[in-house]
Each structure stands twice: as structure tokens, then as C-alpha cells.
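Novice: Sequence:
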Amino acid sequence: MTEARAPISAVPLLPTASTDTRDGRSAHSASPRPDIHSRHSPSPGRSYTDPDPSHLKIKKRIVVCCDGTWQDGLSVKARWQYTNILRLARAVNHVDERFMPPKPQVVFYQSGLASTESFDFMSILEGATAAGLGDKVQEAYGFIAHNYEPGDEIFLFGFSRGAYTARMVAWMIEVIGVLDRTDMDHFAGIFMAFLKHGKTDDPKEKDLLSTQVKFWTQSDSPGKQRANYDDSSFAIKCVGVFDTVGSIGMPDELKFGGNDDKMRTLFGFPDSTLGSHVERAYQALAIEETRSDFVCNKWTQTELGRRKKQILHQCWFTGSHADIGGGFQEHDLSDLTLFWMAAQVGDILSLDVKYLLRGLGPTAPWGAQKYHDPRTGIYSLTIATHRTLPTQPNPQTHELIHSSVLQQKNLPEGLKETVDKHPELVAKLLPLEEELKVNWPYDPSKVQPAVAEQINSKPSNGGVSATSAATTTSERRKSFFAKAKDTLTRKGGRSATGDMPAPTVSTEIDKGSPSKDSDAQGTVNHFESFSAFGSYVIEYLKSG
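Going by this note's numbering, the sequence shown opens with residue 737, and the numbers climb by one from there.
A portion of the hints provided could be inaccurate.
[What the hints assert, rightly or not] The calculated lysine-lysine pairs, modelled on DSS-like cross-linking and capped at a C-alpha distance of 25 angstroms, are:
#1 Lys973 / Lys1044
#2 Lys973 / Lys1164
#3 Lys950 / Lys932
#4 Lys795 / Lys973
#5 Lys950 / Lys940
#6 Lys973 / Lys793
#7 Lys1164 / Lys1034
#8 Lys1090 / Lys1173
#9 Lys1045 / Lys973
#10 Lys1164 / Lys1152
#11 Lys932 / Lys942
#12 Lys1044 / Lys1034
#13 Lys1034 / Lys1045
#14 Lys1044 / Lys1164
#15 Lys1045 / Lys796
#16 Lys795 / Lys1045
#17 Lys796 / Lys1090
#18 Lys973 / Lys796
#19 Lys950 / Lys935
#20 Lys1044 / Lys796
#21 Lys1152 / Lys1034
#22 Lys1157 / Lys1145
Rather than coming from a laboratory, the hints here were simulated on the basis of the structure.
Build the full structure now, drawing on both the sequences and the hints.
Specialist: Here is the structure:
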């Protein structure tokens, strides 16, 4: 029995119908509700909406929204400070009335890393190094585990490192399914075992760790039985992210030896591969993000995912990282990415489009706002690296260029030639986006707020070829980081070789015993050695 779906935009902007360019169906003509008799009814005469609940189990949607670094939607006062994740979380309707029976939609909003009121060295540390990300993963996964019943639909959304959190939760569901709330006692130990497995190069240790989590990863494990997916079905309905950041985000000058790749990778999980257990995946990507610590983290689709007709769209937009995820006072660009995401998921998730519209405040014509320079403040000291745009269709990454990019006055060199040669790379606007474009509420009488001038010009290659340009290291940069590194070393947080002493964490897990507590004090000491660095960051920011 196919369930009836109403328009992609829950509240049309225009009264006229338009066509969804994905499959040609009318996006604003309501379909008749399905015949709700028979399949689960004890008799043909009993309706699926019969007040007798003995045979009725309404499935719900669990929507988890993970915000970006230093983003806390629960404390911000100005609406322009809202990120796309907060706006999306608040736009999810309590119930999707387009289905019969109506589907409840339960939302969990998670503030970002280091999103505390006190902007001290620990918050800077947590934001810069993603300390505490493991807690965010456990919190988000735990919400699902505590509320999930077999058959429920799972949605995961995220921005920045919140996007990485969402993708890690999706990966955990792939390998262990959805644990029952009582089994969440074991989650921390399971997570730490995976962490160590991803970091170690010792084959014996890898085998030991694999053995320890075998009960939870085997095909008939409790979590996988609950998730109940196979080669023809999905455990997760949708993962939608805004510019995933998965690196440590620590400047090169503060690396104290060791394997650089391991320093820059948060947990060593295979996050770039999109699991075949996800039905739909969407990512908005930033063209003008040039910070080397904000490495672009695209998905690649598996052959099994393609065979299962999994949907993957990754779309490039004008802007730096926060232009994609939101948080700037001039937020035309993030409005475009928000409505793009809403259009993609609108047929499977009921959204209050009127609420989203109230957040608009254009400062330029549609698609024409200048992007914000990402390399300001402390980030002006970092190395610049330019992202690689698609030069032709890629069946593994499914990358497209949003049509709003072509409204910019200065396109990256090579981009126009690319889209002229491959016009199929330009994403077609969905009905909700078309309506937004036609009704874009820009008032030219209002002066656009000043946007910081670009310190670096647009990359000559437009990011089309995989090249990186390193900025000249100034004496101030050398002095700043040398002083911070010297102070950290003298604080005793390092060995003579400069290696970080790893905290000891037990990962002994089996079917019947909960994992042992980690050495929490060791973890605290691990991060306390960074306190001087936080002080120097504050000193630098104050000095301008």
C-alpha cells in the first residue's frame, strides 16, 4: 500500500501548481489519501483508523539536529544568529497530516561543540580541537535509542562538526543497529573500541578490539534486529548536512610530532563512504571555504547503495563555511542552502514553510550576496587551501552546482567553462526553490550591510583542479605559535619527543558485561595541557 504524499512544500508560496523536476509529478496537487482498510485490519470492515488500538501501531519520525561549533540555538537572542540546523529543527511540524494515519514527528536539537556562555580557553579548545565530540555522538545516538521502535523513520541533520556528529551516528547505526535503551550502558565502551580500532596500526590490537565488539556488530545482534534492514531496505530515512567538517582543526604549528593524518582525523571512522543503509543523503558544500582546517568531507556512494536506488545529492553553493550553515547577519546565502534542503526532504518530512519564510531578510538579489571571507581573526594565521569543484558528472559523489552560483559577479575561473561543457552539472531548482526565487523579498532601497573584503582573491583555478596554495608565513604567525607551543611543552603536557600521552581507556566488552569506566582523569589532564594555548588565543584576539 502506497501512502499518499502532499506537496513538497507543506505551505505553498504560490497558489499555482508546478512540476517536481525529479520525477515529473505535480508538486502542489494533493494526492487522494490511500484506502486504509485491509492490510493490518482484522476484518475488511474495520478501518485502519478504528479506535480499537489492539492492531494499530503508529510509526513516528525521529529527527535529530546537530548544530555546529560554538552554535547554541537555545541561548541566541537575535533571529539572524540562527543556524540552518536550528531553523530546520523549529520548522519540523509535530505531526505530518499528509498521511493517514498522521505521523508524529519528534525532534531533538543538539547545540554545537564549545557552545557555552563563557568564552574561556576550554571553550576555545573544545571548538578548535573537537574535544567532547564523542559525548555529542553518544547523546544524539542515545536520543534515538531511547525513543526508537522498530519501523520508525530516522532523520539526521547537521552543520559543521555537527554534520560530522550526524554522520558518525549514521555509521554507528550501520555497524551496531539501534540499541535498546537498556543496552546503552554498553555504548561508551563500544564507541571507544571503534575509536581505538581506527587509530591503531597494530594488527593484534585490531583483532582484539574486533573480538570485543563482535557481539554488537554481528548480523543478528540486538541492535541490528531492531533496525531491521537488509540489502533491499534501509535503516535510516535521511541524512542531510551542511558542509561537514571532520578534521581536528589544529594549526600545523601546534602539532607535536606523530602521524599528521591521525592528528587531523577525529576518530578514524570511514565517514566518507555513504552506508547503503541510508535511503537519502544530501549535503550542501561551500565553494569559497579556504581554511585548511575545514577540509571538505564529501560522501562517496557504494555499489550496493546504487543497486538499492539510494538517493545522494551533494550541491555546491557560493560562500564560506558559515555562509552554508548560517549564523551571519547577512544570510541570503545560507537561506538558499536551507530552502534547498527543505525542498529535498519536503516530501518525506512535514515542514512549516511559513516559519522558514519569516526568517528571510535579503540584502541582495537572489543568489547575488557577497560571500564572507573565512580567513579572518585567528584563522588569518592558517594556511589557505582551495576546494576542488566537479569538472564532470561523478556517479560516486553525485555533485552538482547550484544555479544561484551563476548569479555571482565574479565566478571562479574555469567554472563557467565547466558548466558550459557540462550543463547537467547545474542543479535544477525544485518547486519550493523556484517559488522562493520568484518571490525573493529583496528590497533594493535597503543598503546591504558591509561584508568583509576578500583577503585572498578567488582561486585562479576556481578549485576545479586539486591544487593548494600556501600563504606566506608571517613573522607574527611564527612568533605566536612558537610561543604557544613552547609554553605548552613547559607545562609538562608533552614528553621529550613531543608526543601526547594517550589516556588509558578500557574497551573490555562482551555480551553480558558493561564496559569499564574510562580513565576520565587522564582525559582531563590530556586537555588541561592546552590551557596556555587558549590564553594565547584570547590574547591574540584581543590584540586584533
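Novice: State for each hint whether it applies.
Specialist: Hints and how they fare:
At most 25 angstroms may separate the alpha-carbon atoms for a hinted pair to count; Lys973 and Lys1044 meet this at roughly 13 angstroms. About 23 angstroms separates the Cα atoms of Lys973 and Lys1164, which keeps this hinted pair within 25 angstroms; it holds. Taking the CA atoms of Lys950 and Lys932, the gap is about 15 angstroms. The hint holds against a cut of 25 angstroms. Pair hint Lys795 plus Lys973 holds up; C-alpha atoms about 13 angstroms apart against a cutoff of 25 angstroms.
Proximity of Lys950 to Lys940 is assessed by CA-CA distance (about 15 angstroms); at most 25 angstroms being required, the pair is judged to hold. For the suggested pair Lys973 and Lys793, the alpha carbons sit about 19 angstroms apart, so the restraint of at most 25 angstroms is met. This hinted pair checks out: Lys1164 and Lys1034 have alpha carbons roughly 20 angstroms apart, not beyond 25 angstroms. For a cut-off of 25 angstroms, the pair hint linking Lys1090 to Lys1173 stands: about 15 angstroms separates their Cα positions.
Among the hinted pairs, Lys1045 with Lys973 is consistent with the structure: their alpha-carbon atoms are about 13 angstroms apart, no more than 25 angstroms. For the hint pairing Lys1164 with Lys1152, the CA-to-CA distance comes to about 17 angstroms; that is within 25 angstroms, so the pair holds. With a C-alpha separation of about 8 angstroms, the suggested pairing of Lys932 with Lys942 holds against the 25 angstroms cut-off. Proximity of Lys1044 to Lys1034 is assessed by CA-CA distance (about 20 angstroms); at most 25 angstroms being required, the pair is judged to hold.
With a CA separation close to 19 angstroms, the supplied pair Lys1034 and Lys1045 stays within the 25 angstroms bound. Our distance criterion of 25 angstroms between C-alpha atoms is met by Lys1044 and Lys1164, whose separation comes to about 24 angstroms. Restraint check for Lys1045 and Lys796: satisfied, since their Cα atoms lie roughly 23 angstroms apart, inside the 25 angstroms limit. For the given pair, Lys795 sits about 23 angstroms from Lys1045 by alpha-carbon distance, which is consistent with the 25 angstroms threshold.
Among the hinted pairs, Lys796 with Lys1090 is consistent with the structure: their alpha-carbon atoms are about 23 angstroms apart, no more than 25 angstroms. Our distance criterion of 25 angstroms between C-alpha atoms is met by Lys973 and Lys796, whose separation comes to about 12 angstroms. Using a Cα cut-off of 25 angstroms, the hinted pair Lys950 and Lys935 holds, with the two alpha carbons roughly 18 angstroms apart. Under the criterion of a C-alpha separation no larger than 25 angstroms, the hint pairing Lys1044 with Lys796 is consistent with the structure, at around 23 angstroms.
Among the hinted pairs, Lys1152 with Lys1034 is consistent with the structure: their alpha-carbon atoms are about 22 angstroms apart, no more than 25 angstroms. Our distance criterion of 25 angstroms between C-alpha atoms is met by Lys1157 and Lys1145, whose separation comes to about 20 angstroms.
Figure legend: structure checked against the earlier numbered hints; every hint is met.
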